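Input sequences plus hints: build the corresponding full structure.
So the protein sequences, as listed, match chains Y and B. 3 is the number of the first residue of the first sequence in my numbering; add one for each residue after it. -7 is the number of the first residue of the second sequence in my numbering; add one for each residue after it.
Derived from the structure by calculation, the hints contain no laboratory data. Treat the hints with care, since some could be wrong.
From the structure, some residues in chain Y lie toward chain B, with a derived Cβ separation under 7 Å [claimed, not checked]:
no. : residue
1   : E13
2   : F182
3   : G195
4   : L197
5   : Q200
6   : A201
7   : F203
8   : A206
9   : S207
10  : R208
11  : G209
12  : T217
13  : L218
14  : A222
Pair by pair, the computed Cβ-Cβ distance ranges are [what the hints assert, rightly or not]:
no. : chain 1 : residue 1 : chain 2 : residue 2 : range
15  : B       : G175      : Y       : A22       : 56 to 64 Å
16  : B       : S13       : Y       : E238      : 53 to 61 Å
17  : B       : S13       : Y       : C192      : 47 to 55 Å
18  : Y       : G108      : B       : G171      : 45 to 53 Å
19  : B       : E145      : Y       : E14       : 39 to 47 Å
Please read these numbers as outputs of a predicted model, since none were measured by experiment. Cβ atoms here follow ideal geometry from the backbone N, Cα and C, with glycine treated the same way.
Given next are the chains, with one letter for each unit.
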Amino acid sequence: MTALALPTRREEDWRYSDVAAVASVWPVPAPERIVLGADEVRAHALLQDADESAVIVRDYVIEVAAGARLDFHLLNIGGRLGRVTFDVRLGKAAHFALHAALIGGGEQTLEVVTTVTHAEPDATSEQMIRAIMGGKATGNVLGQIAVAKGAQGTDASQSVKAMLLSRTATVNAKPELEIFADDVQCAHGCAVGELDKQALFYMASRGMDPATAQTLLLRAFVAGVFDGIADEAERERFEAAALAKLEGLA
Amino acid sequence: MLQITNLSNTVAEKPILNGLSLSINAGEVHAIMGPNGAGKSTLAYTLGGRPGYEVTGGSVLFNPVRHPRESGGPVAASELDSRVRGNDEAENRDDGGMIDLLALAPHERAAAGLFLGFQYPVEIPGVSNLQFLRESLNSQRRLRGEEPLSGAEFIRLAKEKAALLGLDMEMLKRPVNVGFSGGEKKRAEMVQMGILDPKLAILDETDSGLDIDALKVCGAGINAIMRKSDKAVLLITHYQRLLDYVKPDFVHVLSGGRIVKSGGPELALELEREGYAEVAA
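Dropping the structure here:
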């Protein structure tokens, strides 16, 4: 397979994607590389809010050397296709955290695809992903955790929760674990649900209009995703963008 | 204020209310008592507009809110949102401003002045009581054509009403009903009622899950907030004990989806003594 071959839905990590949209921008740019040296601590944040006709494919190849730590925050809300992928390799006692929210409406397809490889012992990883899809939107969360042979003491967690706002919205969530070591903790959880009807009626009974009630419940659902952004102005920018997108779905 | 005529409904296609009629005037407290399964909670939910409670017959007329403005005068009907006002012909009708409650969405019923006290208040993780109440109150005010309260005005109001019910303000900073004991949930409901200041409160088993002290506090709260000449209360209860604190003017027995007997406060005592089967027979 050449790097330039257009992906098809036969490939696992493109199975649920909008490959027709990808064709219009193929070939996509080479992956962005983020390399952390030993004991380096860094934070990255991506607010993907391209306009809704855009096709966005952002690939990250990340190496976190021994004892280093990378915190990545992602808000993925833009584009007809908004796809962000992470291929992460963790050295000894390295740490990688991804906190991501995907909020889509209309006919958007929004994706997060992660491959986190614990290549050496004692590395830790944490992924918290929240997806909210309305209209005819599709949200795809594919998360692979690979623990190499000998990567003892690995501690990996992945939490994916999704909310569907309409019968025509879709979320595909696919956790995948590949473990070749025996002293390993890998926690993963995945849930897809809809807004709590009892809560909606309770809020309406107090006079809250349905759009406000939905927005409040959804804000609560994604609350915490961006808490870890250290820069206050940056955190507020992410929260405001998420809220504006949520209000647009109500 | 509230006029229910021949109300019938179904829940999951099962008929529950069966030609229920009831009139409540401003300044009155009514109690509805009845055995399990009589349709008491169904009546409350139907009046509140809960989805799934299908009205199959009858009507419910309600006298909407006329909130005084700063000028001191009542809001002209034409300034109220037409949905809360009823319809555009409201000014020309001679029905004393009654609106068709059943035509309104649940949040519009609240804006018109209806409050539903829940037997089992709902927990909403991640949404604080203060946020919940401020959004609710301001939603109501927008629909009535009133200015929203500022943060400071709202906090002052919330503090006052929380103090009235002996609820710590810290509790109101916590998510709605999450981790609250049964008694705290009911107290919080009464604080909500105080802040929203409805015209008609329908309180579904507010006394369930309360110990004697909490019952006293909630009873006193209901009296303080709702015992007014321009307000009314419909208490739904199994037991006489709440009625020791909130004295009803009228007591009704609900059985088989309709009111089978009405009387004064003495009827509640008779029910307590002799049981529903005897009295409703």
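- Message: If you test the structure against every hint from before, which numbers come out violated?
- Response: Result: hints 1, 2, 3, 4, 12, 18, 19 break, sorted rising.
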